[in-house]
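Protein chains in written order, with the working numbering: chain A, 16 to 371; chain B, 16 to 371.
Among these hints, one or two may not hold up.
Stated by the list, open to error - Chain A residues, not near chain B, derived (Cβ > 10 Å throughout): (1) Ile32; (2) Ser38; (3) Leu67; (4) Lys89; (5) Pro129; (6) Glu132; (7) Gln134; (8) Pro136; (9) Lys139; (10) Thr170; (11) Arg221; (12) Gly274; (13) Gln302; (14) Gly329; (15) Asn351.
Claimed, not checked - One side only, chain B facing chain A, incomplete, derived with CB under 7 Å: (16) Pro114; (17) Leu116; (18) Phe158; (19) Val162; (20) Ser165; (21) Leu169; (22) Asn206; (23) Pro207.
Don't read these hints as lab results, they were simulated from the structure.
Since this is a predicted model, take the numbers as computed values, not measurements.
For every residue, glycine included, the Cβ atom is placed at its ideal position computed from N, Cα and C.
There are 2 protein chains.
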Amino acid sequence: MENFKLFGNSKSAEKFIDDTKSSNRFLFSFVTSYTETCEIPGITLAGTNSDLIKFTPAADAEYLHYGYCKTIEKIPMTPDGKPTPALLTKVALESSSIPHLTINAGSKVVPQLPVIETQLPTGKNISVNDALTDSQVSRAVDFGRIVGRSLSSLTDCLIIGESIPGGTTTALAVLRALGFDANVSSSMPNNPTALKNQIVNNALERITSEHPYHIISKVGDPMIPFVSGMLSSASSVSDVMLAGGTQMLAVLAFASKIGFDEKSTVIGTTSYVTDDKNANFTNMVKQIADVPAISVDPGLKNSKYSGLRSFSEGFVKEGVGAGGSIISSMLKTGNNQLKFLEMVEKEYSRLFTAEN
Amino acid sequence: MENFKLFGNSKSAEKFIDDTKSSNRFLFSFVTSYTETCEIPGITLAGTNSDLIKFTPAADAEYLHYGYCKTIEKIPMTPDGKPTPALLTKVALESSSIPHLTINAGSKVVPQLPVIETQLPTGKNISVNDALTDSQVSRAVDFGRIVGRSLSSLTDCLIIGESIPGGTTTALAVLRALGFDANVSSSMPNNPTALKNQIVNNALERITSEHPYHIISKVGDPMIPFVSGMLSSASSVSDVMLAGGTQMLAVLAFASKIGFDEKSTVIGTTSYVTDDKNANFTNMVKQIADVPAISVDPGLKNSKYSGLRSFSEGFVKEGVGAGGSIISSMLKTGNNQLKFLEMVEKEYSRLFTAEN
């Protein structure tokens, strides 16, 4: 496929592409979660300001579903008007009629829409507290397994995307704790590396055992064990695409400890992630598991709208499963980058030109 | 199919059977709900005593999923040990690998398991209060439509079952209010008819308009508008089987007011419901909509266990989508009554012989 770049086990990637193209049955699951780590000033761009951050995952879910938000007035964007990557996800899913379900796995604010509810708690600020108790981690994995088993039995390819503000920092901590020398991507072009490293180092000091559940409870968040549980059960039933960047590396690293089927798993993301030399994404994937990465260039650098071009300039890069959704939509419809850009610009214009 | 009896539009029923047999993709959705009407002494047998009634839907959902309950110690049963119809549903779904999802639409107690959460309120006691506000009815329909659209896009036949203690009484009230002269079935062999009629008459006195949303708000419950919403959207995407007895008549009656596709809808139930001369079930279906009823005899009268024979003696009769699940499992596997009885007895023995 000229639209994609493949990394890692290319045989596995090609098999995934052939399988899913011939079946055409995808299901996108959107996991919303929360870590209080995002409340540390300067850590994230998700949401226009720190008071609004907690609404971002719920607002993304509402926008994906309704085309507008209920919890807040406008769709999530940066202070200077760069939109949420949910815009890309929505256009991808709608244009290819891929159904989606939202799963609340520890969000602070629940979307105003029927969602799969797990009753998991939010994660605590890992700079100063344990993220979760051991039994909460265990429940997150168990409930992830239940949801993964249910959803994978309803599709041939389960796509899993996430939204957890501050999640790149907890992902970085989990990767380091599990022995990977990770540099982490961010929704900000000038990644606040020093701040993140400080938080991660504070968190790592509390670790007293190499047990993976212990590591998640000390320095993780609810999303990582929950999505790992989903992957663990779903990958034995259907193909699974982890749709995302750094957070999905942490999922892959933890899931490798609890067991999953590498042969039916891929990571799908944007070229903005795989081209980011600092994050060294594709090498990280290879170190963690024998799972291929597929990346797509959404072509936004050619957009007439600066708000869309900013994605290609290192803002946001990925989130809400945008990359994986675009890949899946192209596999299902045969649409190319040009057609996708056209549809994204139409949606961008619907959202921002008229009233904003 | 020798296993089934068909009532009403037989062409439609045969088309449903042919369609689903060739596709074999079923999804069972289990809607749990609550009406305070069930707290009126003497109204229902669901749950061993009135304190436990509120746990019944959650316990049924947990048993379906885990094979045991978390919210209460034992699976729901009558005071003298007659088990919940969830036993039949579980054996049917497991033996045919039909996936299932639980939807909480106004339960008093939420099952300890990931469920689709609608944030709907419980229904009030219609003997003395309005069941719901108008806006709650409207939200129940809207959220039902959302869930129905999502789930029907993941299957070729969406089976909808329910558990709402006291639900036959609210169903009776809704049917009468919508102009149908209904006699209503019950989980008790000596149906407390006088008590139910008194409650229904009290409720009907509060009705001041013929608007169907008004009627539900005065004398209904959260399940009826929610499942009607599901039917309304799902029937335009996939086949839908309403799995149940009296409650599904009320759904059919209200759904006829908000619109649904009769050609892709059937009612599936047990012969214990369709053979009940008092309830006059199949004639009621015909009066309400051009939708066929399919009924199955689970063969429990031949069981060696009196707890199972009691189903055929007029206890319980239906619930938790038992009839529709059995029909679907037989369509998918080709199993007959004898094979089904054998599997049910094995499960009954697992549950009751060892420890109880």
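Outcome of the hint check:
1. Ile32: At about 22 Å from chain B, isoleucine 32 (chain A) clears the 10 Å cut-off, so the statement holds.
2. Ser38: holds (13 Å)
3. Leu67: It holds; leucine 67 (chain A) is separated from chain B by about 22 Å at its closest Cβ, greater than 10 Å.
4. Lys89: holds (22 Å)
5. Pro129: violated (5 Å)
6. Glu132: violated (4 Å)
7. Gln134: violated (8 Å)
8. Pro136: Its Cβ never comes within 10 Å of chain B, the nearest being 14 Å, so this holds.
9. Lys139: holds (22 Å)
10. Thr170: violated (7 Å)
11. Arg221: holds (29 Å)
12. Gly274: Nearest chain B Cβ is 20 Å from glycine 274 (chain A), so the label holds.
13. Gln302: With a cut-off of 10 Å, glutamine 302 (chain A) remains clear of chain B, as the shortest Cβ separation is near 32 Å.
14. Gly329: holds (35 Å)
15. Asn351: holds (25 Å)
16. Pro114: Status holds, d = 4 Å.
17. Leu116: Check passed: Cβ of leucine 116 (chain B) comes within 6 Å of chain A, closer than 7 Å.
18. Phe158: This interface hint holds because 5 Å falls under the 7 Å limit.
19. Val162: holds (5 Å)
20. Ser165: Since the shortest Cβ distance to chain A is 6 Å, the answer is holds.
21. Leu169: This interface hint holds because 4 Å falls under the 7 Å limit.
22. Asn206: violated (34 Å)
23. Pro207: violated (35 Å)
Violated hints for the displayed structure, listed by number in ascending order: 5, 6, 7, 10, 22 and 23.
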